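Residue numbers (my numbering), protein chains in the order written: chain A, 497 to 770; chain B, 6 to 679; chain C, 1353 to 1487.
In short, the hints are calculated from the structure, not lab data. Values in this document were obtained by computation on a predicted structure and should not be read as measured data. Cβ coordinates follow ideal geometry from the N, Cα and C atoms, glycine included. Mixed in with the good hints there might be a few duds.
[What the hints assert, rightly or not] Below, a sample of chain A positions facing chain C; criterion: calculated Cβ distance under 7 angstroms: (1) 559; (2) 560; (3) 703; (4) 731.
[Stated by the list, open to error] Heads up, simulated SDA-like pairs for lysine to any residue below, C-alpha to C-alpha not over 25 angstroms straight-line: (5) A:737 <-> C:1464; (6) C:1380 <-> B:594; (7) B:499 <-> B:518; (8) A:682 <-> B:679; (9) B:624 <-> A:650; (10) C:1464 <-> B:122; (11) B:626 <-> A:665; (12) C:1487 <-> A:737; (13) A:568 <-> B:594; (14) B:624 <-> A:737; (15) A:682 <-> B:622; (16) B:56 <-> C:1377.
[Claimed, not checked] Cβ-Cβ distance ranges computed for the label pairs, FRET-style: (17) C:1380 <-> A:618: 57 to 63 angstroms; (18) B:275 <-> A:566: 56 to 62 angstroms; (19) B:358 <-> C:1479: 36 to 42 angstroms; (20) C:1479 <-> B:676: 40 to 46 angstroms.
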Amino acid sequence: MSDRLSSLRETIEKILPDVDGVIALRTGPGGIVAPYLFSKEHPGELAELALWPKEPVPDTLKIILRAHPDAKLAIVCRGCEERGIVEMFKHAQFSLENVTLIGLQCDQQEVESCQCFKPFTVHAKLTVGQPVEGVRDPLMAKVMAMSQPEKLAFWKEEFSHCIKCYGCRNICPQCFCNICALEDEKWVETGRLPMPNPSMYHMVRAMHMTAKCVGCHECEETCPADIPMAVQFRLIARDVKEMFNYEPGAVMDQKPPQLLVLEEGEYENTGLPH
Amino acid sequence: MSPTKRPKERIGVYVCHCGSNIAGVVDVAEVSAWAGKELEQDGVVVARDYKFMCSSLGQELIERDIKEKGLTRVVVAACSPHLHEPTFRAACARAGVNPYLFEMTNIREQDSWVTTDKIEATKKAKALIAAAVGRVAYQKPLESLYVPIDPNVLVVGGGVTGIQAALEIANSGQHVYLVEREPSIGGHMAQFDKTFPTLDCSACILTPKMFDAGNHKNITLLTWSEVEKVEGYIGNFTVTIRKRARYIDESLCTGCGVCWEKCPKKVVDPVFEAGLGYRKAVYVPFPQAVPKYPVIDRENCTYYLKGTCKACEKFCPTGAIKFDQQDEILTVKVGNIILATGYDLFDARKIPNYGYGRLPNVFTSLEFERMTNAAGPTLGKVVLRDGVTQPKSVAIIHCVGSRDKNYNNYCSGICCMQSLKFAHLVKEKTGGEVYQFYIDMRTPGKTYDEFYQRIIQEGANMIRGKVAEITDTARHPSEEGKLIVQVEDTLVGKQRRIPVDMVVLSAGLEARADAKEVAQKFGISCSADDWFIERHPKLDPVATMTDGVFVAGACQGPKDIPASVAQGAAAAARVLSIIGQGEIEIEAATAIVDEATCVGCKECIASCPYQAIQYLEDKGKAYVQEALCKGCGTCVGTCLPKSISLKHFTDEQIVAEMIGAMQTMKSFETVEAA
Amino acid sequence: MYEPKIIGFLCNWCSYRGADTAGMARMKYPPNVKIIRVPCSGRISPELVLRTFREGADGVMVLGCHIGDCHYSTGNHRTAKRMPVLKKLLEYSGIESERLYINWVSAAEGEKFATVIKDFTEQISALPPFVETMK
Chain A
497 MSDRLSSLRE TIEKILPDVD GVIALRTGPG GIVAPYLFSK EHPGELAELA LWPKEPVPDT
557 LKIILRAHPD AKLAIVCRGC EERGIVEMFK HAQFSLENVT LIGLQCDQQE VESCQCFKPF
617 TVHAKLTVGQ PVEGVRDPLM AKVMAMSQPE KLAFWKEEFS HCIKCYGCRN ICPQCFCNIC
677 ALEDEKWVET GRLPMPNPSM YHMVRAMHMT AKCVGCHECE ETCPADIPMA VQFRLIARDV
737 KEMFNYEPGA VMDQKPPQLL VLEEGEYENT GLPH
Chain B
6 MSPTKRPKER IGVYVCHCGS NIAGVVDVAE VSAWAGKELE QDGVVVARDY KFMCSSLGQE
66 LIERDIKEKG LTRVVVAACS PHLHEPTFRA ACARAGVNPY LFEMTNIREQ DSWVTTDKIE
126 ATKKAKALIA AAVGRVAYQK PLESLYVPID PNVLVVGGGV TGIQAALEIA NSGQHVYLVE
186 REPSIGGHMA QFDKTFPTLD CSACILTPKM FDAGNHKNIT LLTWSEVEKV EGYIGNFTVT
246 IRKRARYIDE SLCTGCGVCW EKCPKKVVDP VFEAGLGYRK AVYVPFPQAV PKYPVIDREN
306 CTYYLKGTCK ACEKFCPTGA IKFDQQDEIL TVKVGNIILA TGYDLFDARK IPNYGYGRLP
366 NVFTSLEFER MTNAAGPTLG KVVLRDGVTQ PKSVAIIHCV GSRDKNYNNY CSGICCMQSL
426 KFAHLVKEKT GGEVYQFYID MRTPGKTYDE FYQRIIQEGA NMIRGKVAEI TDTARHPSEE
486 GKLIVQVEDT LVGKQRRIPV DMVVLSAGLE ARADAKEVAQ KFGISCSADD WFIERHPKLD
546 PVATMTDGVF VAGACQGPKD IPASVAQGAA AAARVLSIIG QGEIEIEAAT AIVDEATCVG
606 CKECIASCPY QAIQYLEDKG KAYVQEALCK GCGTCVGTCL PKSISLKHFT DEQIVAEMIG
666 AMQTMKSFET VEAA
Chain C
1353 MYEPKIIGFL CNWCSYRGAD TAGMARMKYP PNVKIIRVPC SGRISPELVL RTFREGADGV
1413 MVLGCHIGDC HYSTGNHRTA KRMPVLKKLL EYSGIESERL YINWVSAAEG EKFATVIKDF
1473 TEQISALPPF VETMK
C-alpha cells in the first residue's frame, strides 16, 4: 500500500502546479480520513495523503464544480468512483472539460473487501498502481439459487431491518436529484415501520439504479442495518448488460439504454412476446 | 395519496343505458344509485342514469346540472371515449366547465358487450366509474394552444403525384418547393409509352403538367436535390435540402443540347432507360425533361476520371459548364409537407427460376415500357435482346414478386392492367401470339374490365396458373431456341410447357429502398412492407400520424396513375385547408417541466421521440417546446425525480384512477367475505 | 378460488382501440381487468406499476402498439426496454414476475385482446392472491 501511496503522492505533486486543486483523501485530525482539496499553496499537506477507506469522491467533485464551474481540478478516483464520475457527467451534473482523472487501481485486499467486479479505471490517463482482476459478489449467486418463496422471505427479512434512514440514498453518488421520488407518498408509504412488504422504497430505488449503479457499495457500507440491497442492483446491471449491452461508466458518450429506441436485435433479448 | 389531500370538487356522474346496449347487461339504475351513495365522500353530488346520454336531451341534462347544482367535474359512463368524448367535452364547455374537467369511462365496448355475467358486468361498471371519479377530481383545466401556419409547402418527389399536388397548391396562390432526386421531374410515368385502359400516350398527358410545374411562378423546382433534414412541427418546419452540383450554371444554360451531342462518353442508363439504352456522361434523361438543364455524371465523365476531355466545355456556346461547382445546401421554411416519393420496381433477379438477368430474352415490365416507347432505345419496336429480331410469341407473367410469400404478400394492383396493356401493344406492334399467365385477374377500376374483355377479343391467350419456371432447356425439337414457360393451367388442370420468343415479367411495386430512412427523417411510420402509413386507411388516407406531413401516391402503397393523381390532389386539398385556417390548434395535453425540481440530467431529452425537449444551458434545466410535444408521456415514464409531468395524464390522476378501481374491487371482496 | 384484481394500462391509440374492437365484435372475456387509458405505453413508469401492486393488484398489464406501429413513433420502444427490467426486479425480489404482463395489441386485434385478457386472468388466478403472499 505504501508503494501506491508514494507514487500517488508523486503523481499529485507533478500535476499540482498546473491545476487549482486535486481532490484526494487526507488523514485529518484524529486520524479521520476524508476527501480533501489539495492545492499548490499548501504542498506540505500531501504528507497526509491517504488511500483508504474509500469515500464517495464523485460527490465532492460535484460540490466543488458547482461552486467553481471554471476550476481546473484533478481527482484521484478508483474504478467505481471513475464510473460514478462518468455517469454524473453523462447526466449533465458537471463538465469534465477541466478535470483530470487520476486513476487509483485497487489492490487485491481492497477488491476482496468490496467484492468489486471491476476494481480499475478505464478512462483516466494518469494511473497509479497495477490493475487487478475483479471478483463476482458471491451473494448474487446465492440469491439466484434461491427459489421464489425463498427470495421473498430473504428480502422480507432483510428489509424488515430497514429503519428508512435514507442513508443509502444520501450516500449514493448517482442519487443527485433535488427532490426524490422516495419521499413522495404516491410511491413510498410514509410512517410505517417495519415497512410493508413488498418494500416500495427499495424497489423504486432499485429501478432508479437501473443502468446507473456503478457498484461502489457506498449504500451497503453506510447502511446501519447491513442490508445487502445492492445485490439487486448488480443482478439488474447484469441483465441490462446482456439485454442492451450497457455498462454504467464504461463508455463516455453512451446514453442509458432505457431512454433510447431499440437497436437491431435488442428486442429479442428482452424476452417480450413477438 | 391520502383522502385529506383530495381536492374538494362537485362531481356529477351520468350512466348511459345506450338503449339496451348497456342497460341490457349492466344494472344501470343500481350503478347510478351506488355511485350517488358510495362515491359521495369522493365528491359525487349527483348521479343519474339516462337512456341515451349522447342525445341532445342527455347532453342538456348534464348542462342543466352543471348550472343548477354547481358541478365542477363531470363523469360519463357510456361508450368508448373515441366515439363520444368530443360530444361531452363540448357539452361541458357550453355549460362553462372546461372540457378537460370531463372524464369518460367505457362501460359498453369494455364492459356490457364483453361480459356475460350481468352481476359481474355491473360490478365492473362500478369499479370503472369509481376510477373515473377518482381521477376527475385531480384533472386541471387546459387551454388549447394555437400556432400560425407558414403558408409555404414542401412537396417531395416530382412524379405525377408530386406534380399534381404542387400544381394544385401553386394554382391556389401558395408557394411550393418541389424537390426531386433525379435530374428531371416526371417520375415513372415519364418512362411509359401508353397508359391503361385508355391507351393514351403517357408523355402527351404528362408533359404539359411537367412544363407547368417547371414554369409556375409559385413553384421553386429543385431537381437533382434531396431533403437532408427536417426540423420543427406543423406550421413551422425548417427543411435542409442538398441541391447536388449539376456542374452546369443554370443561369447560363439554354438547354441547347450541344454538350451531350459532343460528349464522347456513352453510358448505360440504368434509371430512365431501365438499363436498355444509353445516355451520355452529360445528359438530360429524356428530351422533354424539366428543367431543361443537363447534369454531368461525375462517376462516368472522362474529365473527372482522367483529368482531360472537357469537350462539353469547349463546345458550350454560353460557357455554362462549371466543373468546380459545389453542392448547395438550402434551408427553407414550410408549414406543411407532402411526400410523394413513389415506388421501386421489384427486382426480378430475386426469382432465379424466371431467369431474368440470365436468359437474355426475359424482360422486366419497365424494360418493355421503354421498348414500346417511340422515343425509347428501340424507337418503339418490340425486339429481342439482339435489338433486331421481332418476337413471334410473347409470354407475359403476372404477379412477379407479388402475392408470393417468398417476396411480397400483397397484390401490386397495377400489374394485371399493365400486362393487358402489354398484350395489346405486342399485338399491335408485332401481330404475334401473346400468352398471359395470371393467378387471378383483378380489374376493378372504371372501364378496366372492359379493357380486359377487349384484350381477350384481340386474341390474347389467357392461362390461369402461377408460372413455375422459365427455361431455355428444350425437351422437344419444337422447343429448341425458345424460352419455355412451365405452368400448370389450372383451368384445364394440366401441366403445360409453352415455348415463346420473349418473356415479359410484370414485376410488382415495392416501397423505395430507402423508405424507412425517409420515414424517419420526416417522423412518420412504415408498414412491415415499408410503405408509409396513413393516419386512417379509409377516412384519412393522405394524412399521417405526424401533423403537417402528408403522403400521396405509390409511396403509401401500390397505386395506378388515376389513384396517385387523386391522392396528390387530395393531399394538396388537406394542406390548403390547413393553410386556410391560418393557425392550428395543437395538443393541449403536453408535458411540462417543474424547473424548481428538475435536476437537468437530460434523461427526458434522450427519451423524447420528437426532440421536443430542450436543455436550457443557462439554467441547467429541461424545457418542453409545447408545439413539438405530442403528449406521449414517455419522458414522464423516465424522469426519476418526477419533475416532468404530462398534463391530463399526471401521476396524481393515474394513481387516483387506479386506486378508485382497486378500492371498489376490494370492497366487493369484503362484502362477499362477510 | 378468488377473483383476481388486475389493472391494465393501455395505450390510447392501439390497445385501447383493440379493446373497443373486441367489444364491437361482442367477444366475451373475464371482467377482472380494469383498464386505465394512457396516451402511450411509454407513459407508464415503473413507479406506477409498483404502486398498483402496493394497492393490492394481483396482476398488472401494460399493453401498447406493436413495435414499429407506435402512434408516437418510438414511445413503446422505451416500454420494451423499461418493463423487462422491472420484471427482472420482481423476480429477484421473490415476486412472481408473471404478475406483470407486457404485450402489443393493435387497434385491429380485438380477438388477440380478448385472448390476452383471458389467458392473463387465468394465469393470475393460478397464483395465490398477491396480498396473501406478502403477509
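Hints, verified against the model:
no.: 1; hint: 559; result: 28 angstroms, violated
no.: 2; hint: 560; result: 33 angstroms, violated
no.: 3; hint: 703; result: 4 angstroms, holds
no.: 4; hint: 731; result: 5 angstroms, holds
no.: 5; hint: A:737 <-> C:1464; result: 32 angstroms, violated
no.: 6; hint: C:1380 <-> B:594; result: 33 angstroms, violated
no.: 7; hint: B:499 <-> B:518; result: 39 angstroms, violated
no.: 8; hint: A:682 <-> B:679; result: 30 angstroms, violated
no.: 9; hint: B:624 <-> A:650; result: 45 angstroms, violated
no.: 10; hint: C:1464 <-> B:122; result: 21 angstroms, holds
no.: 11; hint: B:626 <-> A:665; result: 22 angstroms, holds
no.: 12; hint: C:1487 <-> A:737; result: 34 angstroms, violated
no.: 13; hint: A:568 <-> B:594; result: 44 angstroms, violated
no.: 14; hint: B:624 <-> A:737; result: 33 angstroms, violated
no.: 15; hint: A:682 <-> B:622; result: 31 angstroms, violated
no.: 16; hint: B:56 <-> C:1377; result: 22 angstroms, holds
no.: 17; hint: C:1380 <-> A:618: 57 to 63 angstroms; result: 58 angstroms, holds
no.: 18; hint: B:275 <-> A:566: 56 to 62 angstroms; result: 58 angstroms, holds
no.: 19; hint: B:358 <-> C:1479: 36 to 42 angstroms; result: 54 angstroms, violated
no.: 20; hint: C:1479 <-> B:676: 40 to 46 angstroms; result: 23 angstroms, violated
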